[in-house]
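Trainee: Given these sequences and hints, build the entire structure.
Here are the chains, one letter per residue:
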Amino acid sequence: MTEACHSQWQYNFAFLDENTKRMLRRALLKAVAIPGYQVPFGSREMPLPYGWGTGGIQLTASIIGQDDVLKVIDQGADDTTNAVNIRRFFARVTGVATTSSTAAASLIQSRHRIPETPLRSGQIMVFQVPEPEALRTLEASEVETRKLHAHQEYGLMHVKLYEDIARFGHIATSYDYPVMVNQRYLSSPSPIPKFDNPKLHMSPALLLFGAGREKRLYAIPPHTRVESLAFDDHPFSVQRWEQACALCGSHDSYLDEIITDDAGARMFVCSDTDYCQQQQEGKA
Amino acid sequence: MSQPVLSVSGLAKDYGNGQGCFDIDFELYEGEVLCIVGESGSGKSTLLATLAGRLSADAGSVRFRDRAGSSHELTTLAEAERRRLARSEWGFVTQHARDGLRMNVSAGANVSERLMALGQRHYGQLRETAAQWLEKVEISRERLDDRPTAFSGGMQQRLQIARNLVTQPRLVFMDEPTGGLDVSVQARFLDLLRRLVHDTGIAVIMVTHDLGVARLLAQRTLVMQQGRVVEAGLTDQILDDPQHPYSQLLVSSILQA
Ligand SMILES: Nc1ncnc2c1ncn2[C@@H]1O[C@H](COP(=O)(O)OP(=O)(O)OP(=O)(O)O)[C@@H](O)[C@H]1O
Ligand SMILES: [Mg+2]
Ligand SMILES: [Zn+2]
Numbered sequence: 001m002t003e004a005c006h007s008q009w010q011y012n013f014a015f016l017d018e019n020t021k022r023m024l025r026r027a028l029l030k031a032v033a034i035p036g037y038q039v040p041f042g043s044r045e046m047p048l049p050y051g052w053g054t055g056g057i058q059l060t061a062s063i064i065g066q067d068d069v070l071k072v073i074d075q076g077a078d079d080t081t082n083a084v085n086i087r088r089f090f091a092r093v094t095g096v097a098t099t100s101s102t103a104a105a106s107l108i109q110s111r112h113r114i115p116e117t118p119l120r121s122g123q124i125m126v127f128q129v130p131e132p133e134a135l136r137t138l139e140a141s142e143v144e145t146r147k148l149h150a151h152q153e154y155g156l157m158h159v160k161l162y163e164d165i166a167r168f169g170h171i172a173t174s175y176d177y178p179v180m181v182n183q184r185y186l187s188s189p190s191p192i193p194k195f196d197n198p199k200l201h202m203s204p205a206l207l208l209f210g211a212g213r214e215k216r217l218y219a220i221p222p223h224t225r226v227e228s229l230a231f232d233d234h235p236f237s238v239q240r241w242e243q244a245c246a247l248c249g250s251h252d253s254y255l256d257e258i259i260t261d262d263a264g265a266r267m268f269v270c271s272d273t274d275y276c277q278q279q280q281e282g283k284a
Numbered sequence: 285m286s287q288p289v290l291s292v293s294g295l296a297k298d299y300g301n302g303q304g305c306f307d308i309d310f311e312l313y314e315g316e317v318l319c320i321v322g323e324s325g326s327g328k329s330t331l332l333a334t335l336a337g338r339l340s341a342d343a344g345s346v347r348f349r350d351r352a353g354s355s356h357e358l359t360t361l362a363e364a365e366r367r368r369l370a371r372s373e374w375g376f377v378t379q380h381a382r383d384g385l386r387m388n389v390s391a392g393a394n395v396s397e398r399l400m401a402l403g404q405r406h407y408g409q410l411r412e413t414a415a416q417w418l419e420k421v422e423i424s425r426e427r428l429d430d431r432p433t434a435f436s437g438g439m440q441q442r443l444q445i446a447r448n449l450v451t452q453p454r455l456v457f458m459d460e461p462t463g464g465l466d467v468s469v470q471a472r473f474l475d476l477l478r479r480l481v482h483d484t485g486i487a488v489i490m491v492t493h494d495l496g497v498a499r500l501l502a503q504r505t506l507v508m509q510q511g512r513v514v515e516a517g518l519t520d521q522i523l524d525d526p527q528h529p530y531s532q533l534l535v536s537s538i539l540q541a
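For the record, the sequence lines run as chains A and B. Per this note's numbering, residue 1 is the first one in the first sequence, and the count goes up by one each step. Per this note's numbering, residue 285 is the first one in the second sequence, and the count goes up by one each step.
Worth flagging that the hints you see were computed from the coordinates, not collected in a lab. Values in this document were obtained by computation on a predicted structure and should not be read as measured data. Backbone N, C-alpha and C define an ideal beta-carbon position, used for all residues, glycine too. Among the clues, some could well be false.
Not everything, but these chain B residues come out facing chain A in the computed CB check (under 7 Å) [stated by the list, open to error]: (1) Arg367; (2) Ala370; (3) Val389; (4) Gly392; (5) Ala393; (6) Ser396; (7) Ala401; (8) Tyr407; (9) Glu426; (10) Asp429; (11) Thr433.
Part of the chain A face toward chain B, derived, beta carbon under 10 Å [as the list claims (entries may be wrong)]: (12) Ala77; (13) Phe89; (14) Leu138; (15) Gln152.
Listed next, with one range per pair, are the computed distances between beta-carbon atoms [unchecked claim]: (16) Asp252/A / Ser355/B: 56 to 62 Å; (17) Gln416/B / Ile258/A: 45 to 51 Å; (18) Leu518/B / Glu144/A: 36 to 42 Å; (19) Gln152/A / Arg338/B: 16 to 22 Å.
Mentor: Structure below.
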C-alpha cells in the first residue's frame, strides 16, 4: 500500500526533501534546548504564500511521521478554508490520517488557538507565527532586538504594557500577549488570545512555533514555566464572558460572537468547534 | 578624601585615519561637572563615546567606581557588564531628542523605562515617580500621557534629563544637550541642570563646542583640538588665563559675544 502510494507521489514524503527536514529538525532541537529562544532557519519556498502558515507547515513537514494523526485548526475551527487546505495538503503529501478530534490527534497545527481539551504528554502543537519578535513593534532593528534578548533587557516590553494602561486604563493587549519562557526569554505566543496563555504554562505537550517570512522557530518544551507579563497592581487576567456557549452551554471556553441574522441578532459560541461538539454530545 | 568616580589615563581611540582621540588623562569626582570643549571634529563625541564604552578604546584605561565602591576597568569590560552599568549607574543625554527618547510612547513611559528595566513592577508607583520627575524638570504632570513629539525642543531635552536621572545614576554623559536650543531656552536648561546636579550629587561629563556653557556649569574643562587635550583645568582659570593659543582663541570669542 505504502509502496503504491510512493510511486504516485510527486514529492518526497511531506513535500520537503530530507536535507531540508534534517536542517529544520536540528534547528528544532536547538529551540527545545533553549526554551523561548528564536532559532534562525533557512526557510524554503512552499506552495503557499507567506501569511498562510508557511512557517508552521515547514515545521509540521519536518516532524510528521507515517503514524501521526494530524489536526489543523484556524481560529478554533477545523473547517475554515486555511485549515482545510493545510490538512488536505498534508493528507496528499504524506497519506497520514487526519482528525478534528483534539484527543485523537498526535500533531496539531494551529494559527489562533490552543484547543480547550487539555493537551497531553506526547502530543505536539505547531503554531503558525506571523511575527516571532515580541519586541518588534517597539524596536524595529533586528540587530538591536537580538542584543536585548542576549542581555535579557526587557524593560521595553513593560513600556508597551505601561502605555496600554496609560491609554486604556488596563492592559489592552488581548492576543499575542508577551510571555517570559523559563524565566529567561521573552517570547511572542503567536496570535493566540491571552485566554490561552495559561495553557502554555507547564503544558505536558511540546509546543513549537514557526515563522516562515521571518525564518525563525522557537519552542516551549513540556513542563516549562511560562509567565505572562504584568504589573503588580495590574495583574494578568484572561477574558471572561457573562454568558455560556449558546450551543453547548460551556462556561469555561473561549467564545466567539456571531451574528445570526440580518437584523443583527448575536449569539456567543465556542471558538473551538471540536470541543463544542464534544460538550454537546456529552450532554445528549 | 573621596575616590574619583572616573579615572582616565592614556586613553586613545584611533579611527585609523589619524582621527579619533589620543593621550586623554583626567579624573572626575562625585557632584562634579566636567565640560569637554573644542571645535567641530576635534574628537569630543569620540572621547565621550569611548568613555561610555560605546566605542572600543585602542589604548589606555578608564576606571569607574560604582555606588557600592567596586572599581571597573571599562576598556576591557564584557558587553553584558557594560550594559548593566549603563542601565543602573550611568545616563546618556544626546543632542537630538529622537536619539535619546522614544518618540512614539508617552512622556510617562519614557521616564519609567529605566525603572522597569531595573525590575519595578508597580504601575501606580511608576506613574507617580514619573510625574514627580516631570515636575523636577519643569514639565507639568498634566503632560504625563503626551508623547514627546508634542513637546518643544527645550521640553524634550528636559524630558531626556528626567528619563536618565530617574534611576539616580552616578555618572551622566551628555553630548551637546543644548546644541539645538535657542539661547534663552538653553539658559533655562543649564540653570535646571545645575540645580539637579547640586541636589543629586551626580557627576556629569558634557560635550559642548561652547565655552560659555562650560562657564555656567563646569568646575573643570578640557579643551580639545585635533583629537588631543590642549588645555585642562579649572574652568575659571582657563577663562581668566588661557595658556594654549587655541584656548585663547576660544576665550576671546566668548568674551566678544
Ligand atoms: N567612524 C569614524 N571613522 C573615521 N573617522 C571618524 C569616525 N567618526 C568620526 N571620525 C572623525 O574623527 C574626528 C572626530 O570626530 P568627533 O565626532 O569626535 O568630533 P566632535 O568634536 O564631536 O565634532 P562635532 O562638534 O562636529 O560633533 C572627525 O575628524 C571625524 O571626521
Ligand atoms: Mg560631536
Ligand atoms: Zn460550545
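Trainee: Hint by hint, note whether the structure agrees.
Mentor: Verification of the hints:
1. Arg367: With Cβ-Cβ at 5 Å, under 7 Å, it holds.
2. Ala370: Where the cut-off is 7 Å and the nearest Cβ of chain A is about 10 Å from Ala370/B, the hint is violated.
3. Val389: holds, 5 Å
4. Gly392: Nearest chain A Cβ about 6 Å off; hint holds.
5. Ala393: This interface hint holds because 5 Å falls under the 7 Å limit.
6. Ser396: Holds - the Cβ of Ser396/B comes within 7 Å of chain A, reaching about 6 Å at its closest.
7. Ala401: holds, 3 Å
8. Tyr407: The hint holds - Tyr407/B has a Cβ within 7 Å of chain A, the shortest such distance being about 4 Å.
9. Glu426: Glu426/B check fails; min Cβ-Cβ to chain A is 13 Å, beyond 7 Å.
10. Asp429: holds, 5 Å
11. Thr433: violated, 14 Å
12. Ala77: For Ala77/A, the interface hint is violated, since the closest Cβ of chain B sits about 36 Å away, which is over 10 Å.
13. Phe89: violated, 40 Å
14. Leu138: Leu138/A check passes; min Cβ-Cβ to chain B is 8 Å, inside 10 Å.
15. Gln152: At about 9 Å, which falls below the 10 Å cut-off, the nearest Cβ of chain B leaves the hint on Gln152/A intact, so it holds.
16. Asp252/A / Ser355/B: 56 to 62 Å: holds, 58 Å
17. Gln416/B / Ile258/A: 45 to 51 Å: Since Gln416/B and Ile258/A have Cβ atoms about 49 Å apart, the given range 45 to 51 Å holds.
18. Leu518/B / Glu144/A: 36 to 42 Å: The hint (36 to 42 Å, Cβ to Cβ) holds, given that Leu518/B and Glu144/A are roughly 41 Å apart.
19. Gln152/A / Arg338/B: 16 to 22 Å: holds, 20 Å
In the structure shown, a violation is registered for the earlier hints numbered 2, 9, 11, 12, 13, in ascending order.
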